[in-house]
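Participant: Sequence:
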Amino acid sequence: MEGSLYPIIKALHIIFMVTFFAGTFYIVRLFIYHQEALGKREPDRTVLVDQFALMERRLWYFITWPSVVLMTIFGLWLLWLNPGLLKQPWMHAKLGLVALLLAYHGITHSAFLRIQRNLLQWSSFRLRLWNEGPTLVLFAVVFLVSIKQLQWYYGVIGLLVLGGVIALGINQYRRKRQQADAQAGGPRT
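This note's numbering numbers the first residue of the sequence shown as 73 and each following residue consecutively.
Please note: incorrect hints may appear among the correct ones.
Claimed, not checked - Under the rule of at most 30 Å between Cα atoms (straight-line distance), these lysine-lysine pairs were calculated in the BS3-like manner:
#1 Lys112 to Lys248
#2 Lys248 to Lys82
#3 Lys220 to Lys159
#4 Lys166 to Lys82
#5 Lys159 to Lys248
#6 Lys166 to Lys248
Read the hints as simulated data drawn from the structure, not as lab findings.
Assemble the whole structure, with the sequences as input and the hints as a guide.
Facilitator: Here it is, written out as structure tokens:
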């Protein structure tokens with residue numbers, strides 16, 4: 073039974089990992105739109121803020137939270153079915169990254185609670201930077217699970233390069249947006 077059960081549990085773990093990451097990426101994008109909507113004029117402000125808050129609640133409570141719980145349950149089940157994985161160094165690294173991702177999820181939940189009351193003090197730029205954290209973790213986890221080796225120096229260099237490229241892209245977007253705002257006579261509303 074365990075032999076035929078393992079691939080099913082693994083598939084479910086991967087499916088919920090994908091839906092968790094989808095929700096994680098999209099929730100922060102909604103936070104960005106929500107924060108930017110707070111700067112709009114009425115009645116647009118109220119309409120947009122209410123709509124983003126509704127979308128955030130639905131995404132967070134009906135997709136992202138169930139996905140993180142099920143991803144974790146199926147991941148732990150896989151370790152229970154194959155405890156030998158816990159002896160492998162790449163799995164230790166993966167579990168460390170998963171712990172980091174769960175901490176990210178907790179901080180994002182705190183931000184979610186604040187933005188639902190329009191009390192989040194993060195700028196849209198800071199949210200854009202925050203949104204890239206799980207991208208780096210996703211890259212690291214996929215490579216660890218695929219290669220199953222800990223040549224950490226390649227991984228560190230790769231993540232630093234990827235992080236640098238992402239930061240450059242965000243800064244470039246910020247500059248273009250500031251230029252457009254200056255040409256339009258102030259921030260867009």
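Participant: It remains to establish, for every hint, whether it holds in the given structure.
Facilitator: Against the structure, the hints:
With a C-alpha separation of about 20 Å, the suggested pairing of Lys112 with Lys248 holds against the 30 Å cut-off. Straight-line distance between C-alpha atoms of Lys248 and Lys82 comes to about 43 Å, which puts the hinted pair past the 30 Å bound. The straight-line distance between the Cα atoms of Lys220 and Lys159 is roughly 12 Å, inside the 30 Å bound, and the hint therefore holds. The straight-line distance between the Cα atoms of Lys166 and Lys82 is roughly 15 Å, inside the 30 Å bound, and the hint therefore holds.
Under the criterion of a C-alpha separation no larger than 30 Å, the hint pairing Lys159 with Lys248 is inconsistent with the structure, at around 49 Å. For the hint pairing Lys166 with Lys248, the CA-to-CA distance comes to about 37 Å; that exceeds 30 Å, so the pair is violated.
When each numbered hint is compared with the structure, violations occur for hints 2, 5 and 6.
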